[in-house]
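Enquirer: Starting from the known structure of chain H, arrange chain P with the ligands on it as the hints suggest.
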Amino acid sequence: MSEILVVVDHADGPDGVSVKKPTYEMLTLAARLGEPSAVFIGPKDKGAEVADAVKKYGAGKVYVVDDAPLKGYLVAPKAEALQQLVERTSQSRPVGAVLIASSAEGKEIAGRLAIKTGSGLITDAVDVEAGGDGPVTTQSVFAGNYTVRARVTHGTPIITVKPNSAAPVEASGAGEVEEVAVTISEAAKGAQIVASQPRTATGRPELTEAAIVVSGGRGTGGKFEPVEELADALGAAVGASRAAVDSGWKPHSYQIGQTGKTVSPQLYIAAGISGAIQHRAGMQTSKTIVAVNKDDEAPIFELVDFGVVGDLHTVLPALTEEVNQRKG
Amino acid sequence: MKIAVCVKYVPDATGDRHFEDDKTVDRVGVDGLLSELDEYAVEQALQIKEKAESPDEVEVVALCVGPEKALDAVRKALQMGADKGVHVVDDAIAGSDAIATSLVLAKAVQRGSEGTPYDLVMCGMSSTDGSMSVVPAMLAERLGLPQLTLASVVETQGDQVRIKRDGDVATEVVGGTMPLVVSVTDQSGEARYPSFKGIMAAKKKPLETLSLSDLGVDAGDVGLSVAWTRVEDTTARPPREAGEIVKDEEGSGAKALADFLATKKFI
Ligand SMILES: Cc1cc2nc3c(=O)[nH]c(=O)nc-3n(C[C@H](O)[C@H](O)[C@H](O)COP(=O)(O)OP(=O)(O)OC[C@H]3O[C@@H](n4cnc5c(N)ncnc54)[C@H](O)[C@@H]3O)c2cc1C
Ligand SMILES: Nc1ncnc2c1ncn2[C@@H]1O[C@H](COP(=O)(O)O)[C@@H](O)[C@H]1O
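As given, the protein sequences belong to chains H and P, one line each in that order.
Our numbering applies: residue 1 is where the first sequence begins, and numbers increase by one.
Our numbering applies: residue 1 is where the second sequence begins, and numbers increase by one.
Isolated chain H, as found in the complex (with noise of 0.2 Å):
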């Protein structure tokens, strides 16, 4: 049986390293297609807490790769750490997929994996499966509006695999910790991180990961409170459109969008939003949409499940209050 490679991807704070929930997801996923192993990149003496997390979802080794060598460059380090481990395992069995996360980062070291390796590339997989010639991925495309099945024909499938792709399934793996050793080049240290400002925690989900997203658009005129208020008495995370975020009221971090993130929580909720084509790209996947708009004509109605045209500032106070009634 081949191996399956799972990228671990985990978030290093003050308190230490922890794994996050796309970890779990695509170990979920790789348990279809062969026997998921976990890579993690990151702090050496991290290796067996981490082993300990992965192994619950079934990870039979976990490779532990020291990042010491590796940190304070952009990707190129992790790409050729990554291209040695797939050359090492195949040498004692097959890889049958590289599975890494589809983040910024994710994708650009999945780019010159593809490059170093020989190999096709898939990425913003929303689903992966096994089929006849290795596995067959779901991706979502042109703003949600067509669904592509595909796979990778030539050398070893690497995937990048959006959050919520699958729901975690607990498997008892062997979590088998395995210290590899890797050389940089120079070559890939040319881009060098200068300085670096961790972004604050808001204590909300994940934006990416939230099972409800709550976001405010040009509609909020920057006042945000009915939307962050909403957003934590839904236990949700909290979004914005690119204009939200071009008038300065929300970070970068928080757009959503063909040029921010894209999220397909259960339930999206978008206040003072117009749904814009830009807009939808990164929200239409949603299971559930709900809109709160003063004018209906705004074509963000063409999207949802339920509707309310009214003003966000009286709408979301009151429905926060009965959300929080009906808790109560």
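Hints are computed from structural coordinates only; laboratory data are not their basis.
Heads up, the beta-carbon is just placed ideally off N, CA and C, and yes, glycines get one too.
Keep in mind that the hints are not guaranteed to be accurate.
As the list claims (entries may be wrong) - Sample of chain P residues at the chain H side, in silico, Cβ under 8 Å: (1) 1; (2) 98; (3) 143; (4) 146; (5) 170; (6) 201; (7) 228; (8) 230; (9) 236; (10) 237; (11) 244.
Expert: Then chain P with the ligands, alone, in the frame of chain H:
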């Protein structure tokens, strides 16, 4: 200094985009244009030129791989102010995936401009059709160059480049030494509109059309038949069923919405 800006010709996102029978994006039967996100790359390249000590010594070359009609994308870049256009067009390229596209782009970059190598290769953050956001990284890999990608700010000083990158977990400043590959986001600043003067001037600017053999690329290495990925099927998303829309009257909207959320078990 020589700057290559990679510009892609894409179907208009506000039009009806669809697939051909061979499951490639229809690029001929629909209206196309210079990918909006590549305008930001052209803009940043032009600003680097304008801020240079001797702007006349900086040449901005718009580089495009695409069908006949893609010349429109090159022309738009020239109208904005690029100095020269290079259009790689060859029937064999049709249906190429990012892997093959990056191969052709890499060969075109390696050729340089009039035999002088490029110092900077600038790209958009993503194409508005495929939107994979991988070509800049692939291009850097093929050229053996560092990548300073997803820049919201680009600054150059001599052969040094610094960018600001708003990542998912941190905002970073990343630096490197030319030659390198840069990609810019739509946060980098509005792209200029071609002026009347620019439109007139563009007509006289040099434009080079290259085939695969000019670049020494084997036609058997590109195109749909050798793509390393295959699309099995494409399905149009069924139209969403019309939802319920209520008008808020003295608090009725919030109540109705709360009821809806409750039936869907969100509260
Ligand atoms: C290359 C490119 C990339 C882009 N990428 C993105 C992207 O990633 N994400 C994105 O979102 N956009 C993106 N855009 C911009 C997009 O085209 C729209 O301009 C943007 O989405 C509009 O944001 P908005 O809906 O908040 O504002 P508007 O379109 O101005 O809509 C505001 C809405 O609020 C309503 N409203 C006003 N007051 C109230 C009130 N009190 N109560 C209720 N409703 C109210 C109005 O009726 C209106 O419908 C991009 C554009 C380009 C060209
Ligand atoms: N056919 C092409 N011709 C020129 N540049 C391209 C082409 N395809 C992609 N690019 C460049 O690569 C960037 C990212 O594209 P993509 O990886 O397809 O999202 C674009 O913004 C362009 O700058």
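Enquirer: Indicate, hint by hint, whether the structure satisfies it.
Expert: A quick look at each hint next to the structure:
{"no.": "1", "hint": "1", "verdict": "violated, 18 Å"}
{"no.": "2", "hint": "98", "verdict": "holds, 7 Å"}
{"no.": "3", "hint": "143", "verdict": "violated, 10 Å"}
{"no.": "4", "hint": "146", "verdict": "holds, 3 Å"}
{"no.": "5", "hint": "170", "verdict": "holds, 5 Å"}
{"no.": "6", "hint": "201", "verdict": "violated, 30 Å"}
{"no.": "7", "hint": "228", "verdict": "holds, 3 Å"}
{"no.": "8", "hint": "230", "verdict": "holds, 5 Å"}
{"no.": "9", "hint": "236", "verdict": "holds, 6 Å"}
{"no.": "10", "hint": "237", "verdict": "holds, 5 Å"}
{"no.": "11", "hint": "244", "verdict": "holds, 5 Å"}
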